[in-house]
Amino acid sequence: MPEAVIAELPIRLNGETVRVPAGITVAAALALAGQQALRLSVKGAPRGPLCGMGVCFECRVTIDGRRHERACQRLVADQMEILTHD
Amino acid sequence: MTEARFELIVLGAGPAGLAAAKAAADSGREVLVLDDNPLPGGQIWRGGPDQAPNARARAAFSALQHPRIAYRPGARLFAAPGPGTLLVELPEGGCRLGYGQLILATGARERFLPFPGWTLPGVFGLGGLQALAKGGYPVAGKRIVLAGTGPLLLAVADTLKARGARVLLLAEQAPLGRVARFAAGLVRHPAKLAQAVALKSRLLGIPYRCSSHVLEASGRERLERLRLSWGGEEGFIDCDYLGCAFGLLPNTETGQLLGCTLAAGAVAVDDYQQTSRPGVYAAGEACGIGGVDKAQIEGRIAGLAAAGRPEEARRLFPARAHARDFADRLAEAFRLEPALLRLARPDTLICRCEDVPLQALQSCSSWREAKLLTRCGMGACQGRTCGPMAETLLGFEPRGSRPPLQPVSLETLVSALSPTDPR
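Chains as they are written, first to last, in the working numbering: chain A, 1 to 86; chain B, 1001 to 1423.
Fair warning: there could be bad hints in the mix.
Derived EDC-like pairs (lysine to aspartate or glutamate); straight-line CA-CA distance at most 16 angstroms [stated by the list, open to error]: (1) B/1192 - B/1293; (2) A/43 - B/1347; (3) A/43 - B/1221; (4) B/1200 - B/1233; (5) A/43 - B/1355.
Pair ranges (Cβ atoms, derived) [as the list claims (entries may be wrong)]: (6) B/1195 - A/43: 43 to 51 angstroms; (7) B/1346 - A/40: 18 to 26 angstroms; (8) A/40 - B/1100: 43 to 51 angstroms; (9) A/44 - B/1062: 44 to 52 angstroms; (10) B/1233 - A/7: 42 to 50 angstroms.
Simulated from the structure, these hints should not be mistaken for lab results. Just so it is clear, the structure is predicted and the values come from calculations on it, not from any experiment. The beta-carbon is built from N, C-alpha and C at its ideal position, and this holds for glycine as well.
Work out the full structure, taking the sequences as your base and the hints as a guide.
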C-alpha cells in the first residue's frame, strides 16, 4: 500500500460498520478489525487464513449473502456485507 | 449463462500467463486471460501494477494494455464439459467459454507439512503470509518467525520487514552445507547472485539458521509460542505469527481436468510447452517449479507456439535450459529433510476441512479409502492441502480431479447445465 493518504471505505462486518483502507483484501480488513479467526472447524476449533492465495479455503466467509467466499481473494468494496463464522 | 469464444484462452495472469498472452497477441491472436486472483501478477507480483516491485514486473503488466488481450480477474474455472469448452464463474455469474487453444499458467501453491498446532490462527503459509501482507494484512509490529526452505524465506522476510514486522528468525530446514553449495553455484546465475546479495544485506540482523524447523505451535485460540529445533538443539520463541511452508507444488488440477498427462507431479509438456492434449499448452510452475525466469520464458514459448511461430519459440530454448538449470539446483539444495515428515502426532490434523487426524488415515490403504472412510479431502479445498501431505506421509497415490473444480453457487451450476453436455 502506498504510505500517502489512503482512501477509506465503509464495510459492514457482522452487522457493524467499520471503515477500512480501500484496495485491501477482505482477510486484511477482518484482521485490522481484530478478527484473525474467521470460522470454526467442523469440531469447533478456531481457524484463520493459511495459504493466502485462494487454495485452502480456511478464510471462507459470507460476502453479500454468498457463502464460501475466500476472504484472501476478494478486495473490500463500499458497503460490502461480511459475515464470519458462517 | 453467457457465452463467448476466443482463439486463445490463457488461464492465469502471473509471469507465465502474462508472457504467453503477450507473445500470442503480438503474433495477432485474440487472447482472453482468466485469473482467479483479484489482481494480476500471480503470487510473485501479487498486488497488481500498483505494487509492481521493479521494471520487469511493470513491463509484464503492460501486456494487459494490449488491444488484443482481454483480462478477467476473479474468474473461477469449475468445469470443462467437452473439447474446447470451459465453464467459468465470474463475479456477475456463470459463463460458457469456447477456445481454439488453451495455455495453462495456473502456477503453484505451497507444500504444507503437518506439525502439532499448525491449525492455530496465526500459523500461515510462508508465501501465504507474504501474499496476505501484500493484500494489506497487518504485520507492522508483529513478532514473526519464518520457517521452511529456499530463497522464499529471504524474500518473505524482506516483504514483511519493509512493512514494519519484527522478523525474529528465519528457520531453514536444509543443512548449511547444501545451502552453501547452492550459494556458491550461483556464480553460473549472476543475476540471481546479485539479487541474493542485495536481499541478504537488507536482512542483516535477522538470524538465519540452517538445519532448523518448527516442532510445535501452541497457544490458546491463536499462536503464542513455538518450539523449534535449530541445529540439533531445541528452544522456544514467543511470537504472533508463523509463516511456514516447504517449497511449492504445481497446480495441476486444471490440467488433470482436461485430461493432460502428468509427470513428476507437474503437467507434462513437450519442447514447445504443449501438453498431451493437442492445442493445450502449459507454462511456468504448473509444469515444474522453477521460478519467475523459467515461467516467463516458458510463457513466451507457449504463446509463440500456440500462435504458429515455432521457429521463434525455438530461439528461446537455450534460455529456458539455463532457467531450468537454476530450478534443478534449487530442488537439490532445498530437498526436504526426512525429520520433517515425522513431526505430526497421531492426533495432529491432516485434513483441515474435515478435521481428520493422522491416526485416522494410518488405518487406510489408499486415498480413495481415506476419502470414503474419513472424509479426508472431501471438504471445501477438495484435497488441495491434505492430498499432497497424505501422498508424502502415507504414500497414497496422487489424486484425480473432477468437476466442479471449485465450489460454485447452485445458480451458476444450474445455468451451466446444457443438454449437450456429457453427464
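Query raised in the report: Okay, residue 44 of chain A versus residue 1062 of chain B on CB: inside 44 to 52 angstroms?
Result: 49 angstroms, holds
Query raised in the report: Okay, residue 1233 of chain B versus residue 7 of chain A on CB: inside 42 to 50 angstroms?
Result: With Cβ atoms ~49 angstroms apart, the hint holds.
**Report entry** Proposed proximity, residue 1355 of chain B with residue 43 of chain A (alpha carbon, max 16 angstroms)
**Finding:** 7 angstroms, holds
Report task. Sort out whether residue 1293 of chain B lies within 16 angstroms of residue 1192 of chain B, counting only the CA atoms. Result -> With Cα atoms ~10 angstroms apart, residue 1192 of chain B and residue 1293 of chain B stay inside 16 angstroms; holds.
Query raised in the report: Within 43 to 51 angstroms or not, the Cβ separation of residue 40 of chain A and residue 1100 of chain B?
Result: Since residue 40 of chain A and residue 1100 of chain B have Cβ atoms about 46 angstroms apart, the given range 43 to 51 angstroms holds.
Query raised in the report: Straight-line Cα separation of residue 1200 of chain B and residue 1233 of chain B no greater than 16 angstroms?
Result: 25 angstroms, violated
Report task. Using the Cβ atoms, figure out if residue 1346 of chain B sits within 18 to 26 angstroms of residue 40 of chain A. Result -> 23 angstroms, holds
Query raised in the report: That 43 to 51 angstroms hint for residue 1195 of chain B and residue 43 of chain A (C-beta), does it hold up?
Result: 44 angstroms, holds
Query raised in the report: Between residue 43 of chain A and residue 1221 of chain B, does the CA-CA distance stay at or below 16 angstroms?
Result: Since the Cα atoms of residue 43 of chain A and residue 1221 of chain B sit roughly 14 angstroms apart, the hinted pair holds (cutoff 16 angstroms).
Query raised in the report: Are the Cα positions of residue 43 of chain A and residue 1347 of chain B separated by 16 angstroms at most?
Result: Cα-Cα ~13 angstroms, so holds.
Checked against the numbered hints given earlier, this structure breaks only hint 4.
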